[in-house]
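The listed protein sequences correspond, in order, to chains A and B. If you read the first sequence in the numbering used here, its first letter stands for residue 28, the second for the next number, and so on. If you read the second sequence in the numbering used here, its first letter stands for residue 2, the second for the next number, and so on.
Hints are supplied without guarantee of correctness; some may be wrong.
[Unchecked claim] Heads up, simulated DSS-like pairs for lysine-lysine below, C-alpha to C-alpha not over 25 Å straight-line:
id	chain 1	residue 1	chain 2	residue 2
1	A	Lys84	B	Lys59
2	B	Lys70	B	Lys59
3	B	Lys23	B	Lys101
4	A	Lys98	B	Lys23
5	B	Lys23	B	Lys59
6	B	Lys23	B	Lys70
The hints are simulated quantities; they were obtained by calculation from the structure and are not laboratory data.
Given next are the chains, with one letter for each unit.
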Amino acid sequence: DTGVSQDPRHKITKRGQNVTFRCDPISEHNRLYWYRQTLGQGPEFLTYFQNEAQLEKSRLLSDRFSAERPKGSFSTLEIQRTEQGDSAMYLCASSPTGLAGDTQYFGPGTRLTVL
Amino acid sequence: AQSVAQPEDQVNVAEGNPLTVKCTYSVSGNPYLFWYVQYPNRGLQFLLKYITGDNLVKGSYGFEAEFNKSQTSFHLKKPSALVSDSALYFCAVRDSSASKIIFGSGTRLSIRP
Numbered sequence: 028d029t030g031v032s033q034d035p036r037h038k039i040t041k042r043g044q045n046v047t048f049r050c051d052p053i054s055e056h057n058r059l060y061w062y063r064q065t066l067g068q069g070p071e072f073l074t075y076f077q078n079e080a081q082l083e084k085s086r087l088l089s090d091r092f093s094a095e096r097p098k099g100s101f102s103t104l105e106i107q108r109t110e111q112g113d114s115a116m117y118l119c120a121s122s123p124t125g126l127a128g129d130t131q132y133f134g135p136g137t138r139l140t141v142l
Numbered sequence: 002a003q004s005v006a007q008p009e010d011q012v013n014v015a016e017g018n019p020l021t022v023k024c025t026y027s028v029s030g031n032p033y034l035f036w037y038v039q040y041p042n043r044g045l046q047f048l049l050k051y052i053t054g055d056n057l058v059k060g061s062y063g064f065e066a067e068f069n070k071s072q073t074s075f076h077l078k079k080p081s082a083l084v085s086d087s088a089l090y091f092c093a094v095r096d097s098s099a100s101k102i103i104f105g106s107g108t109r110l111s112i113r114p
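Make a model of the complete structure from these sequences and hints.
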């Protein structure tokens with residue numbers, strides 16, 4: 028399977044705990060994006076990388092959130108001191124380049140539930 | 002600022018009938034428009050996009066969309082609906098200077114046998 032993969036698919040945690048999600052983009056895709064989707068809403072942009080450089084972060088990405096893409100391949104999204112409001116589906120996408128017409132291909136998502 | 006509106010939360014169509022899912026957008030500069038479909042507990046699947054050229058764009062699973070610049074719309078259409086088309090559909094827009102995609106709130110399409 029050469030699509031975008033995410034791990035884990037589901038995560039249940041208690042409030043206050045830290046969680047980390049992983050995304051493996053399509054091979055050789057330079058751009059990697061993170062989105063958050065809550066029930067009944069469309070995905071909301073969180074951040075994106077061009078290779079290993081993080082180029083933009085949304086205001087939604089509070090200081091409890093951090094994302095990395097250390098070698099320009101896979102990426103991790105960490106949430107520290109989770110809150111119930113963090114419960115959502117976290118989606119990762121990748122695209123070949125940064126051209127505006129590029130298609131972003133999405134992974135299956137990680138569903139986070141904070142108790 | 003970019004924005005997308007999907008005015009219908011739900012669209013119900015009988016199998017075999019044509020379907021339309023509406024989308025309007027606001028963007029400065031040239032728009033890049035996308036439709037994605039989401040099945041339960043799965044990520045978004047790309048259907049089609051408009052970058053430039055013909056206003057009628059054809060995509061996966063028999064779907065097509067018509068770009069209308071004067072009405073700032075990009076409605077998704079299919080001539081004959083299938084029960085398997087039942088899913089959540091998202092319209093999205095990007096301008097030429099932005100990297101992120103802005104998504105609409107989604108339209109749930111329900112096809113009855």
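Worksheet entry | Structure versus earlier hints, numbers of those that do not hold, lowest first | 1, 4
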